[in-house]
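The chain contents come next:
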Amino acid sequence: MEAVNQRAKELLEKGEIKAVLGYAKGTGHVRRPHFARKAGQVDQLVLDAACLQNLAVYVTKHEVKKLGKVAVIALPATQRAILQLMAERQLRDGELVILAVDGEAVKELDSAAALEEHLALKAQGLDAKDKALLAELDAMSREQRWVYWQNELSRCMKCYACRNSCPMCYCGTCTMDCNRPQWVPVASHGIGNLEYHAVRTMHLAGRCVECGECGRACPVGIPVHLLTFAAEESIHEQFGQRAGAKAKLDYALSTFKTDDKESFIR
Amino acid sequence: MANTYNLSHESLNSLFGALRKDGRRIMAPVEAGGRTELAEVETPAQVASDYLQTILSAKEVAFPKVERLLSYTIAPGQVDLKDTEPKAVPTVLFGVRPCEAKAFGALDAVFNWDYRDKFFNARIEQLAVIGLSCTKADEACFCTSVGGGPADATGSDILLTPKEGGYLAEVCTEKGAAILNLAPDLFKPGNGVDKAAITAKVEQAFDQPALTTKLPGIFESEVWTDQALRCIGCGACAFVCPTCVCFDIQEEADPKKGERLRCWDSCGFHLFTLHASGHNPREVQGARWRQRVYHKFSYYPERYDMLGCVGCGKCTRACPVDMNLKEHLIEAAGVKA
Amino acid sequence: MSEKNIYLPYLMRIAEITEESPAVKTFRLEFVDEIAAQSFDFKTGQFGLYSAFGEGESTFCIASSPTRKGYIECTFREVGRVTAALADKEVGDIVGFRGPYGNVFPLEDWKGKNLVFIAGGIALPPLRSVIWNCLDLRDWFQDITVVYGARSVKDLVYKRELKEWSERPDMKLVTTVDPGGETPDWQGKIGFIPPVVEQLGLAAENTVAIVCGPPIMIKLTLPVLEKLGFPPERIFTTLENRMKCGVGKCGRCNTGSSYVCKDGPVYTLAELNELPAEY
Ligand SMILES: Cc1cc2nc3c(=O)[nH]c(=O)nc-3n(C[C@H](O)[C@H](O)[C@H](O)COP(=O)(O)OP(=O)(O)OC[C@H]3O[C@@H](n4cnc5c(N)ncnc54)[C@H](O)[C@@H]3O)c2cc1C
Ligand code: SF4
Ligand code: SF4
Ligand code: FES
Chain A
19 MEAVNQRAKE
29 LLEKGEIKAV
39 LGYAKGTGHV
49 RRPHFARKAG
59 QVDQLVLDAA
69 CLQNLAVYVT
79 KHEVKKLGKV
89 AVIALPATQR
99 AILQLMAERQ
109 LRDGELVILA
119 VDGEAVKELD
129 SAAALEEHLA
139 LKAQGLDAKD
149 KALLAELDAM
159 SREQRWVYWQ
169 NELSRCMKCY
179 ACRNSCPMCY
189 CGTCTMDCNR
199 PQWVPVASHG
209 IGNLEYHAVR
219 TMHLAGRCVE
229 CGECGRACPV
239 GIPVHLLTFA
249 AEESIHEQFG
259 QRAGAKAKLD
269 YALSTFKTDD
279 KESFIR
Chain B
22 MANTYNLSHE
32 SLNSLFGALR
42 KDGRRIMAPV
52 EAGGRTELAE
62 VETPAQVASD
72 YLQTILSAKE
82 VAFPKVERLL
92 SYTIAPGQVD
102 LKDTEPKAVP
112 TVLFGVRPCE
122 AKAFGALDAV
132 FNWDYRDKFF
142 NARIEQLAVI
152 GLSCTKADEA
162 CFCTSVGGGP
172 ADATGSDILL
182 TPKEGGYLAE
192 VCTEKGAAIL
202 NLAPDLFKPG
212 NGVDKAAITA
222 KVEQAFDQPA
232 LTTKLPGIFE
242 SEVWTDQALR
252 CIGCGACAFV
262 CPTCVCFDIQ
272 EEADPKKGER
282 LRCWDSCGFH
292 LFTLHASGHN
302 PREVQGARWR
312 QRVYHKFSYY
322 PERYDMLGCV
332 GCGKCTRACP
342 VDMNLKEHLI
352 EAAGVKA
Chain C
20 MSEKNIYLPY
30 LMRIAEITEE
40 SPAVKTFRLE
50 FVDEIAAQSF
60 DFKTGQFGLY
70 SAFGEGESTF
80 CIASSPTRKG
90 YIECTFREVG
100 RVTAALADKE
110 VGDIVGFRGP
120 YGNVFPLEDW
130 KGKNLVFIAG
140 GIALPPLRSV
150 IWNCLDLRDW
160 FQDITVVYGA
170 RSVKDLVYKR
180 ELKEWSERPD
190 MKLVTTVDPG
200 GETPDWQGKI
210 GFIPPVVEQL
220 GLAAENTVAI
230 VCGPPIMIKL
240 TLPVLEKLGF
250 PPERIFTTLE
260 NRMKCGVGKC
270 GRCNTGSSYV
280 CKDGPVYTLA
290 ELNELPAEY
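Chains A, B and C, in that order, are what the protein sequence lines are.
Under the numbering used here, the first residue of the first sequence is numbered 19, with each subsequent residue one higher.
Under the numbering used here, the first residue of the second sequence is numbered 22, with each subsequent residue one higher.
Under the numbering used here, the first residue of the third sequence is numbered 20, with each subsequent residue one higher.
A couple of the hints might just be wrong.
[Stated by the list, open to error] Computed cross-link-like contacts, DSSO-like style, restricted to lysine-lysine with a CA-CA straight-line distance of at most 27 Å:
1) Lys278/B with Lys108/C
2) Lys103/B with Lys182/C
3) Lys108/C with Lys86/B
4) Lys36/A with Lys357/B
5) Lys278/B with Lys23/C
6) Lys108/C with Lys103/B
7) Lys125/A with Lys84/A
Quick caveat, the hints were computed from the structure, so don't treat them as lab data.
Please construct the entire structure, taking both the sequences and the accompanying hints into account.
Here's what the structure looks like:
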């Protein structure tokens, strides 16, 4: 932490960046995203096991872009999300200073190529709890799974915390907010919720960096991250690729390759 | 003036029985998969035994997340409109916190200040609230800064305060008295106990009247954009809030029939004020966050002579990025006008 | 013994449709229910929510004058889901109407004064109601002037009344189109509204100005009026914040503490100066 903060302070003092995006102490034991905009505020930044949010959600926001160049204290999930955003051309090389933190090590990166190289060194994997939950869902029959999700999603109130906390949900106008045509009902009743989550899942298949932010964000505890995780894992299985791993976009659902497995066509 | 009684733990069973016999549904906090949420119960044993608050507020019982306002059928050159009669089930809210009991007053202010909203009113008429004083609080709570308190009886028809062997029961309203009359033997004469000694200590965090006076003068302050920098513009805070009343009206129809639905909405959403032209009077999140604060702490007092916040802290607990309302209000109170 | 459902609209039959300009139409609407027709009353400046059953509701001002009984009119531009559905309707079709809502133009206070109406683009509808209302009460007022401008000749709405007004001896009509928007046979002025107003040499003394139009036009016209000596209390305009309920409940139409659906849509510049610019 010392090293990151030291470097962040330096960058701010030299005027190379306008803010450092990291984590600060929040309510109770919670950590929260925090923008340090003066060298003196850098000491408020903390980095520990309670730091969870994927900070990449901020870097595409116009309010944040307006600040000027920002340095991001990026844990692995944030790194993957930034790389995916770069691959999707939402961010350019050099637009951010990425202070990539992995355990004790800190690396300063600023390009997609450098991020790709850095991330290639590390295995991406789901944590044990989510793995177990996915396996549980997998073991269910189609009907059981249907009932499970109907039941979970009945609590959804369309607060869109899951969408808005997701770094990959950066669209200026979300499909949910279109009314000509009204693709998905606005109301959070059975069909409105189901369609919303189906659309969200499909839009993230092959793009989900598996940070789990959506599930953490849900105030009513719906494990919505399992939906996008399942889609992402399925893409990985069928096409051998992962979101947030490559600097060049190779999006499975929009790319045809002659050696594609066509097992989904039945 | 409230009449005070003693209600033993054991007598709750009979009270629940009497309420149900009277045809009332009982809604209370229950434990569900690690969360505390409001659900229908039959016996006191089903009620969560140790909880701070439910995640969602109790407003749902009078203002559901989706409800039909009207329906119609369409034929060429003809429309048949059908009014909707709200389904109002006689309901007793048991064990909600004083802050939430009080919050129904803030909803009522909007639903009835001028035009009267029959959907809300039909349900409120059928609703009785048995509140439960708080014996603990957390960092998000600030009821005492907004005129409430862990043992405040405002909004409760009966307020229970836990004590040795049972509860102190304050019967505050006619609706409360009607419940008492369903099982008068259960309510034993009891004199006042020192509620303050039993209930949670929530320190006053800021001077609300001073803040309300100050707000009109600091509308343009940087503080709102600064605070909102980490806000992700979702509706979690508004949807869990017991006083947030803003709604959307949506049409769902096929070529032959349709209905008009009222759905919860949030001033935090970009879409909330967006014109068809693309112009948005609240273009940035800072303006939307400011609206949330001003609606509750400036416009509500101006219009309805009350606050639009009860200090329950639900928004803070629900926020994915920990926007802590109490902290932000303390900061705003410190801004130089 | 339930209360009244405040969200339930009147059913209205479309009696007449006028194509005003590309994408702008005027509907004349008659109450399906006789009793409603008898009891309905409104004042100029007020608005309502118009339903296209199947698509939803949209807010438009009532563009007819309360002095003309038995029907109401609205003029709308096709911009979104509801307005597109309305634009598809034909004479005889049924739509919905809730209202009247909002405050009014204070005609009583304007007695004995000169009136100057300044409108741009599709903003003539809110003024059409009050202009007709004033013309129907002609002897209440001194001089009446209407300045109306649009981007081009084809964007001018209410061509019928423009003709009628231009022929009336008891009022003055000035029309203008933006430079480049004129046709060879265009008789009116060429130029943006603010300079045209400036050139008119209006006397601010004992005169009330009523201004409606796109935000940019309003923004540039107000300084001109102030320069001419109009005090903010005698400059009126209307706001069009997004609305859903129209009855002060849904919470989205406010600018600062003022709810446009209840406290508006009519404001004086003096009132607006006291409010944050959330419109
Ligand atoms: C008091 C008032 C008077 C108005 N008078 C007129 C008029 O006389 N003629 C006219 O053409 N337009 C008028 N407008 C604007 C008109 O309401 C919108 O253009 C219209 O609602 C767009 O609806 P839509 O469904 O076609 O668009 P969509 O973009 O599909 O809108 C969806 C919803 O958003 C809301 N909405 C979108 N834009 C606006 C807006 N600018 N103002 C208010 N609500 C909006 C509506 O509730 C609508 O149901 C007025 C607005 C207000 C508030
Ligand atoms: S965060 Fe939860 S409640 Fe909110 S929209 Fe997503 S799934 Fe629904
Ligand atoms: S604003 Fe927050 S603290 Fe206030 S009543 Fe609503 S949820 Fe509770
Ligand atoms: S339109 Fe709903 S509050 Fe004004």
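Checklist line | Straight-line alpha-carbon gap Lys103/B to Lys182/C, limit 27 Å | finding: 43 Å, violated
Next item on the list: For the pair supplied as a hint, Lys36/A and Lys357/B, confirm whether the alpha-carbon distance does not exceed 27 Å.
Entry: 25 Å, holds
Item checked: Straight-line alpha-carbon gap Lys108/C to Lys103/B, limit 27 Å -> 22 Å, holds
Next item on the list: Would you mind confirming whether the straight-line C-alpha gap from Lys108/C to Lys86/B stays at or under 27 Å?
Entry: 32 Å, violated
Check: Are Lys278/B and Lys23/C close enough, with their CA atoms no more than 27 Å apart?
Finding: Cα-Cα ~22 Å, so holds.
Next item on the list: Would you mind confirming whether the straight-line C-alpha gap from Lys125/A to Lys84/A stays at or under 27 Å?
Entry: 25 Å, holds
Next item on the list: Measure nothing beyond the straight line between the CA atoms of Lys278/B and Lys108/C; if it is 27 Å or shorter, mark the hint as holding.
Entry: It holds: about 17 Å lies between the C-alpha atoms, which stays within 27 Å.
In summary, the numbered hints that this structure violates are 2, 3.
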